[in-house]
Amino acid sequence: MIIDLPSTTSSKINKAMVDLREKGGTVTLGRVLTLVIVTEEGSAEDPIEAANGASFEHPCRVIVVARGSKRGAPRMDAQIRVGGDAGASEVVVLRLYGALVDHGASIVVPLLLADAPVVAWWSGAAPAVPADDPIGALATRRITDSAGTRRTAGALADRLSGYRPGDTDLTWTRLTTWRGLLAAALDQPPHGKVTSVEVAGASDSVSTDLLAAWLALQLRCPVRRIKAGRTGSGVHTVTLSRREGSIRLHRPDARTATLSVTEQPDREVALPRRSLRDCIAEELRRLEPDDVYAEVLCRGVALVAKYADAPESTGRAHSAASDATPAPSGGRTKAPRRSRTAVPTVRDAPAAPVADATVPARRARSPRTRP
Amino acid sequence: MTAALSNPLRDPRDKRLPRIAGPSGIVIFGVTGDLSRKKLMPAIYDLANRGLLPPGFALVGFARRDWSREDFSTVVHDAVKQYARTPFSEDVWRHLAEGFRFVQGSFDDDVAFDTLAATLADLDEVRGTGGNHAFYFSIPPDAFPVVLKQLKRAGMCDHSEDQWRRVVIEKPFGSDLKTAQELNSLVSDVFPSESVFRIDHYLGKETVQNLLALRFANQMYEPIWNAHYVDHVQITQAEDIGVGGRAGYYDGIGAARDVIQNHLLQLMALTAMEEPGSFDPTNLRREKVKVLAAVRLPEDLMAGTARGQYAAGWQGGEKVPGYLDEEGIAASSQTETYAAVKLLVDNRRWAGVPFYLRTGKRLGKRVSEIAVVFKRAPHLPFAKGDTAELGSNALVIRVQPDEGITIRFGSKVPGPAMEVRDVSMDFSYGQSFTEASPEAYERLILDVLLGEPSLFPQDEEVELSWRILDPIERAWAKARTQPEPYGSGSWGPASADALMARDGRAWRRP
Numbered sequence: 001m002i003i004d005l006p007s008t009t010s011s012k013i014n015k016a017m018v019d020l021r022e023k024g025g026t027v028t029l030g031r032v033l034t035l036v037i038v039t040e041e042g043s044a045e046d047p048i049e050a051a052n053g054a055s056f057e058h059p060c061r062v063i064v065v066a067r068g069s070k071r072g073a074p075r076m077d078a079q080i081r082v083g084g085d086a087g088a089s090e091v092v093v094l095r096l097y098g099a100l101v102d103h104g105a106s107i108v109v110p111l112l113l114a115d116a117p118v119v120a121w122w123s124g125a126a127p128a129v130p131a132d133d134p135i136g137a138l139a140t141r142r143i144t145d146s147a148g149t150r151r152t153a154g155a156l157a158d159r160l161s162g163y164r165p166g167d168t169d170l171t172w173t174r175l176t177t178w179r180g181l182l183a184a185a186l187d188q189p190p191h192g193k194v195t196s197v198e199v200a201g202a203s204d205s206v207s208t209d210l211l212a213a214w215l216a217l218q219l220r221c222p223v224r225r226i227k228a229g230r231t232g233s234g235v236h237t238v239t240l241s242r243r244e245g246s247i248r249l250h251r252p253d254a255r256t257a258t259l260s261v262t263e264q265p266d267r268e269v270a271l272p273r274r275s276l277r278d279c280i281a282e283e284l285r286r287l288e289p290d291d292v293y294a295e296v297l298c299r300g301v302a303l304v305a306k307y308a309d310a311p312e313s314t315g316r317a318h319s320a321a322s323d324a325t326p327a328p329s330g331g332r333t334k335a336p337r338r339s340r341t342a343v344p345t346v347r348d349a350p351a352a353p354v355a356d357a358t359v360p361a362r363r364a365r366s367p368r369t370r371p
Numbered sequence: 001m002t003a004a005l006s007n008p009l010r011d012p013r014d015k016r017l018p019r020i021a022g023p024s025g026i027v028i029f030g031v032t033g034d035l036s037r038k039k040l041m042p043a044i045y046d047l048a049n050r051g052l053l054p055p056g057f058a059l060v061g062f063a064r065r066d067w068s069r070e071d072f073s074t075v076v077h078d079a080v081k082q083y084a085r086t087p088f089s090e091d092v093w094r095h096l097a098e099g100f101r102f103v104q105g106s107f108d109d110d111v112a113f114d115t116l117a118a119t120l121a122d123l124d125e126v127r128g129t130g131g132n133h134a135f136y137f138s139i140p141p142d143a144f145p146v147v148l149k150q151l152k153r154a155g156m157c158d159h160s161e162d163q164w165r166r167v168v169i170e171k172p173f174g175s176d177l178k179t180a181q182e183l184n185s186l187v188s189d190v191f192p193s194e195s196v197f198r199i200d201h202y203l204g205k206e207t208v209q210n211l212l213a214l215r216f217a218n219q220m221y222e223p224i225w226n227a228h229y230v231d232h233v234q235i236t237q238a239e240d241i242g243v244g245g246r247a248g249y250y251d252g253i254g255a256a257r258d259v260i261q262n263h264l265l266q267l268m269a270l271t272a273m274e275e276p277g278s279f280d281p282t283n284l285r286r287e288k289v290k291v292l293a294a295v296r297l298p299e300d301l302m303a304g305t306a307r308g309q310y311a312a313g314w315q316g317g318e319k320v321p322g323y324l325d326e327e328g329i330a331a332s333s334q335t336e337t338y339a340a341v342k343l344l345v346d347n348r349r350w351a352g353v354p355f356y357l358r359t360g361k362r363l364g365k366r367v368s369e370i371a372v373v374f375k376r377a378p379h380l381p382f383a384k385g386d387t388a389e390l391g392s393n394a395l396v397i398r399v400q401p402d403e404g405i406t407i408r409f410g411s412k413v414p415g416p417a418m419e420v421r422d423v424s425m426d427f428s429y430g431q432s433f434t435e436a437s438p439e440a441y442e443r444l445i446l447d448v449l450l451g452e453p454s455l456f457p458q459d460e461e462v463e464l465s466w467r468i469l470d471p472i473e474r475a476w477a478k479a480r481t482q483p484e485p486y487g488s489g490s491w492g493p494a495s496a497d498a499l500m501a502r503d504g505r506a507w508r509r510p
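Residue numbers (the numbering used here), protein chains in the order written: chain A, 1 to 371; chain B, 1 to 510.
Certain hints may be false.
Over 10 Å on every C-beta distance to chain B, these chain A residues come out as not near it, computed from the model [unchecked claim]:
| id | residue |
| --- | --- |
| 1 | Ser43 |
| 2 | Ala137 |
| 3 | Gln188 |
| 4 | Thr237 |
Each computed DSS-like pair below joins lysine-lysine, with the alpha-carbon atoms no more than 27 Å apart [to be verified]:
| id | chain 1 | residue 1 | chain 2 | residue 2 |
| --- | --- | --- | --- | --- |
| 5 | A | Lys15 | B | Lys412 |
| 6 | B | Lys319 | B | Lys365 |
| 7 | B | Lys38 | B | Lys319 |
| 8 | A | Lys193 | B | Lys15 |
| 9 | B | Lys171 | B | Lys149 |
| 10 | A | Lys70 | A | Lys23 |
| 11 | B | Lys38 | B | Lys178 |
| 12 | B | Lys171 | B | Lys290 |
| 13 | B | Lys171 | A | Lys23 |
In short, the hints are calculated from the structure, not lab data.
All residues carry an ideal CB built from backbone N, CA and C; glycine is no exception.
Model the full structure from these sequences, guided by the hints.
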């Protein structure tokens, strides 16, 4: 059922929802969280669909803040969707216009479920520091999507400079299947130490960067990030080398992966790119800060950059990696591991880097400021 | 476990990382059966679709039917299309189907088992299953000995350090203590006990696992979870269907052996047990065993139990035959299709609190639940008539369908008079959750492949359960009476109501 409330206010929406519940006879309030989706007007339907799908696992109230044009008089149009049109959730779509566009939080607050956790999700461009955003400040968990932004090149640096505990990014979520397969491969004997790693993926794939960073952090060995495939094709190949032979997970076509282990037959497995619904369902499963993501972002990315810096002396980089603290790299900031074909705007340096983010922030900034 | 510890990619804080089974395959004996088509095949596909099966997974069917690999593949395909929970993906299917094999033969056919052994060796070679194979016995228990013997003869149960062989058995785990022990020793001759997985699919259900969360993660239930506040506990498993195609198996076994011995006693153990030191399999099992060992039967077994047999009648708008008229059932059969027993638990927590367990076929509706019924408030400061409609508070854990939790309590009826009546508050884990929550078999099959035994009852629990049920079965057999008939679609025989009435209680209508 869809109910439209043109030119309305939060209290009218609340009243309409209580009415609906009473008339509809649904007396249960089994919702486990409030999901606030911030999006631009016109691109709200995909995230809503994903949230509705995920709501079968996490019954929730979905509040969509769709930001319209800032011109004109402040106005809010609302739409309430329940029942078949909302999966197992109830969806409130708020379309904001005029000055109201910047005051989404004031509308969201009265609509939040009592005592339930709040998750904010920016399906498109995200604020520089999600936790400081008025809506982000309401949430315990803040989801961004670096792959959803127009320029992925600086995306990781932006995520890093704006990181606060509770942040997470869908480019990390999309990796779970890859990470699971690699971890499962290492569960099997022989349990020899991995001595070097190569991670290949599209040049614009933030997920590939994160995968390399994760492996560098966990395996404490040199990791090379290699550009392969056309843009948008995601992760291609991961090769883990050990004394006993190598483990190679290769996905050439974004559908099927082949796992090749030395002295074992090749094994194939379907490894499709994860749907938005799956990713959101996974995000909503855990609402505490994702410490592993934080470390990968704050330390792993820098480690990979360091290996890229010192291609000939992997031994040195390796010992630095074992210290597990990115040493101040002084003038050694050249790390051009991505082609910078993006618009050469000189962006502001990330303001006030968070704890132990100093080095990667420097590193990420430097290539862009250079011609 | 050791693999997980030594694996640098497994960080205990990394809760996203799924546990994917290692290289392995599964062999299903009795692959043409209902269970296999409706539960196992769809569960295997769903696991594959969720990315939890290893690359190169193999599924081998073994049955008498003269099928080619393609025929087998078609059967699985149809089963998956019809019963799988997750959407069908051509890619997932294609890779899964490449690992299908079918071996035709009967259980006494040496050649067939040699072929099976060769097939497994070939799979290790081609698919990289790494010598890890689970044997799923979806077959009648009387076929166990011969199959086990064959597996041993063909050398399929020898495993080395880096490889595993596991066996999965479905209930019934014997038909009394003696046969259960025989079965245990028979299986343990061939497979070490840590390689034996007994499937009790109830334990794979989310709600049952949620029972542990409800009890041990919350502060508000534990203080009242004892004889001071609990009046009694009712555990119900009701089916609306009759004996159907299972006549051959069911007759002579009956409801008590079929359901109470495994499902209901397990649910009771989880409801009544003390808090385990941790949720690792050994600790959990220790607590379950403790409570099962503390179970005491009523003095007068005939007064403390009830049994019935469904008679012809109308159920849900359909005319259905009585048990004795069912195909394959002797007209003189004394097998019960309804059983209710009263059990006591001799420990400090539960002294004097009866646990009533009931199960039956062709009852009012299909439902499984655990109802903890509390004592009435010691004093009610209301006028006499005001609380006439007030019953006892109850906490109901609905296992299936519509999984969730209901709390029943008294509330004032709106209006000028003070009148208190029962209302219920629902937590519907159910309606929204079930769709996306994994089927019990998915969880259990994955646990078998991972070698994770917490959700599988072990020898000791099975034997203790039989120790509880055996005296009851003996008393019934000695009575040599026909179980009391009850109308199909009703809630069981009058003697079951009388059993409760004697204690001044009544069955809940689920």
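Hint check:
no.	hint	verdict
1	Ser43	holds (25 Å)
2	Ala137	holds (25 Å)
3	Gln188	violated (5 Å)
4	Thr237	holds (15 Å)
5	A/Lys15 to B/Lys412	holds (25 Å)
6	B/Lys319 to B/Lys365	holds (15 Å)
7	B/Lys38 to B/Lys319	holds (26 Å)
8	A/Lys193 to B/Lys15	holds (23 Å)
9	B/Lys171 to B/Lys149	holds (20 Å)
10	A/Lys70 to A/Lys23	violated (36 Å)
11	B/Lys38 to B/Lys178	violated (32 Å)
12	B/Lys171 to B/Lys290	holds (22 Å)
13	B/Lys171 to A/Lys23	violated (47 Å)
Checked against the numbered hints listed earlier, the structure breaks hints 3, 10, 11, 13; every other hint is satisfied.
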